[in-house]
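Chemist: Residue-level listing of the chains:
There are 2 protein chains.
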Amino acid sequence: MYNKALSELSAGDVIMELNAQAAALAAEIGSENVFNYSIGNPNLPPPPSVYEAIASVLKEEDQTAVHGYGPNAGIREVREAIAGHINSRFGQDLTYEDIFVVAGSCAGLSILLKALAVPGDEVICIAPYFTEYAAFLMAAGAKLVAVDADPQTFFPDVSAIREAISPRTRAVIVDSPNNPTGVIYPLEVLQDLAAMLREKETEYGHPIYLVSDEPYREIVFEGEDLPYLMDLYDDTIVSYSYSKSLSLAGQRIGYLAFSSRIAERKEIIRAVAGAGRIYGHTCAPTLFQRVLLHCIGDTTDVSLYRQNRDLLVGQLEQCGFSFVPPHGAFYVMVKSPIPDAVAFARDAAQRHHLFFVPTDAFGTKGYVRLSYCVSPEMIRRSFPALEQLAKDYGLLQ
Amino acid sequence: MYNKALSELSAGDVIMELNAQAAALAAEIGSENVFNYSIGNPNLPPPPSVYEAIASVLKEEDQTAVHGYGPNAGIREVREAIAGHINSRFGQDLTYEDIFVVAGSCAGLSILLKALAVPGDEVICIAPYFTEYAAFLMAAGAKLVAVDADPQTFFPDVSAIREAISPRTRAVIVDSPNNPTGVIYPLEVLQDLAAMLREKETEYGHPIYLVSDEPYREIVFEGEDLPYLMDLYDDTIVSYSYSKSLSLAGQRIGYLAFSSRIAERKEIIRAVAGAGRIYGHTCAPTLFQRVLLHCIGDTTDVSLYRQNRDLLVGQLEQCGFSFVPPHGAFYVMVKSPIPDAVAFARDAAQRHHLFFVPTDAFGTKGYVRLSYCVSPEMIRRSFPALEQLAKDYGLLQ
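Protein sequence lines correspond, in order, to chains A and B. Residues 1480 to 1876 (our numbering) make up the first sequence, in order. Residues 1480 to 1876 (our numbering) make up the second sequence, in order.
Be careful, since some hints might not be right.
What the simulated footprint calls covered on chain A by chain B, stretch by stretch (three residues with Cβ under 8 Å from a Cβ of chain B suffice, anywhere in the stretch; the number is not a length) [said to hold, decoys possible]:
hint	stretch
1	1483 to 1493
2	1518 to 1531
3	1564 to 1573
4	1591 to 1599
5	1612 to 1625
6	1792 to 1799
Rather than coming from a laboratory, the hints here were simulated on the basis of the structure. Think of the CB as a built atom: it goes at the ideal place given N, C-alpha and C, for glycine as much as any other residue.
My request is simple: use the sequences and hints to build the entire structure.
Modeler: And the structure:
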């Protein structure tokens, strides 16, 4: 007498499952012998400004306010600071009312999708997509419509998206720098996407929201200037997280930002609050909300992720693996040398203690995702295992 | 094109709405002239051990682990510590696997109810009940079956609950010390409830879960010894929160504990994890999880709430108001002198700047809830306003 579908869903959380297997194996044979590329958990500490901010908030501010409930949508000064930061950085004209502070971007996306869609509505995701979009849409009762990315570049395929749009399409989710591919969507592709969506909005006479999921915005490797999608498309909602930029993944802090050109944004934000209420979201953790007031715009030293990328990608290349060249985030998507990526990943784990995530759960078969937010030492230690794996599959003599 | 039911639900959050009105009025006429009894936000700071724990965790522990993602169900040592605390305090035999750490008890209850019920299932709440149960059940698609408490004592009416149970009843929620009445359910009533539920379980051949929502367990005024429901009934799930006991309402930390005698507990806990996944729960904030390892079992100085109760209840009595004598939590439920409690609350706010919550949203008409987790100064300052209000309604000459 319980919700069996949810029990099975939980058992199917492949990333958490692989991460747990890797941890169990490390306990058995020593962590130096296990190469856990499964999970996107930042391996850098938060910047010093976060520690200074925590100390200041705990010492200088009214402690019942610091630790008491905050408003559902966030503390007003924090919403103002986030709006101000976006305005000065991206030339927007948001007010605090356009910002909804959330307990991490997973919570934010889940309550946003619940607010945008009713059962039977559709949301387009570009495959491969972050696995959890499927989970959030399950809660909303909405249908995930997967549209394959261009198989050469892994950029959105705008004409395929056009074909997939229906009168029930409420939103299209984009995620750049992308999880799991690590690619950055070019300005022109996003402009084409925006133009096509505008056409479709006119055709149907109702908005189609562009949800820009941006947990990796700060993690770009060649100084790329990522466009701000509110500039390209009026009906844009940005989901941002401090999990990676400030290395605060465990503290659950992020925000939703609504373009001031969204006609129904007040109603949508009220629906987001309603969704938060029924999911028990209550408020984003108030200590870390106040911490943001001190270090908004700071980031951890993301150059270390670039060094990791160079190290890992160099070895993958030397070993003869095919992969999509990653320009941001901390993932590289490697082509499985056999069609069944699940079998390949299982084999890599069993024989060489290399833990990769098959991208099947991301909506694309035939690849594995490697997360390189790990120590450079682990990457170096994994070199012989990667080499042996490549030899097993005939990629290397 | 958005979820209109959720937008309306949000507009109907009466406690948050009244609290916002009180804050707006305070900004206008000065907070010393506004008597905000609307919200249950702890007005005491956390105990010193919380501050020592934060400092220690930030200084002594591995910082990528402190700030990185935790497992969905909580950090293993934290789950072990919670299980150990329950075992030594209440004589249970729980292991870490019986504990699911949550981002506050609202999130915990929402994912628990989603895990226990599928659409069409029923959950019994004893009216007046905490308003948010209705919101969580809306997300689960389950039906809230309200059963009025005994109108004299506001204890559960076991024979009325028996009548309300059907084959679709998945759970009964009890909340003692109670929000909004402040009453503590006596052992004999809970024993009767347990015996009746056992009978019904046998009759239907399936479990009926008793969900014990215990955010106010530590806030009892006459040294009452609250029974631990796992002792009385096998199919018990406890929802606990540190919001009030450690004054950490804003930091979102609590747990679900499953009796080791629940046959399907592993499957249910997996379903809770699945529900957490689709709601974007991810993990409870990891800093405060680790803080718990240092101050589990500590509490803020709850004697101050008793002093507030005595102060407020004394004045209510003097003014001729009828109310349910509160023994715990930090609420007193006052009978509206006119049948329409919403009109009475509106009038009290407009004429005397006294903010009370009508209990209509709690499933019981004709009363208002006063939260006295406020400063004793505010209570004293409100005495003339309470007196005047009593005179307006002919309760006092």
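Chemist: Take the hints in turn and mark each one as holding or not.
Modeler: Quick rundown of the hints versus the structure:
1. As drawn, the stretch 1483 to 1493 of chain A meets chain B at 9 residues by the rule of a beta-carbon pair under 8 Å; at three or more, the given contact holds.
2. Counting residues of the stretch 1518 to 1531 of chain A whose CB lies closer than 8 Å to any CB of chain B gives 8, so the stated coverage by that chain holds, three being the minimum.
3. With 0 residues having a Cβ less than 8 Å from any Cβ of chain B, the stretch 1564 to 1573 of chain A misses the three-residue criterion, and the hint is violated.
4. Requiring three or more residues with a Cβ within less than 8 Å of a Cβ of chain B, the coverage given for the stretch 1591 to 1599 of chain A holds, as 5 such residues are present.
5. Here the stretch 1612 to 1625 of chain A counts 4 residues with a CB under 8 Å from a CB of chain B, which clears the bar of 3, and the coverage holds.
6. Residues of the stretch 1792 to 1799 of chain A with a Cβ under 8 Å from some Cβ of chain B number 0, which does not satisfy the need for three, so the listed coverage is violated.
Figure legend: structure checked against the earlier numbered hints; hints not met, in rising order: 3 and 6.
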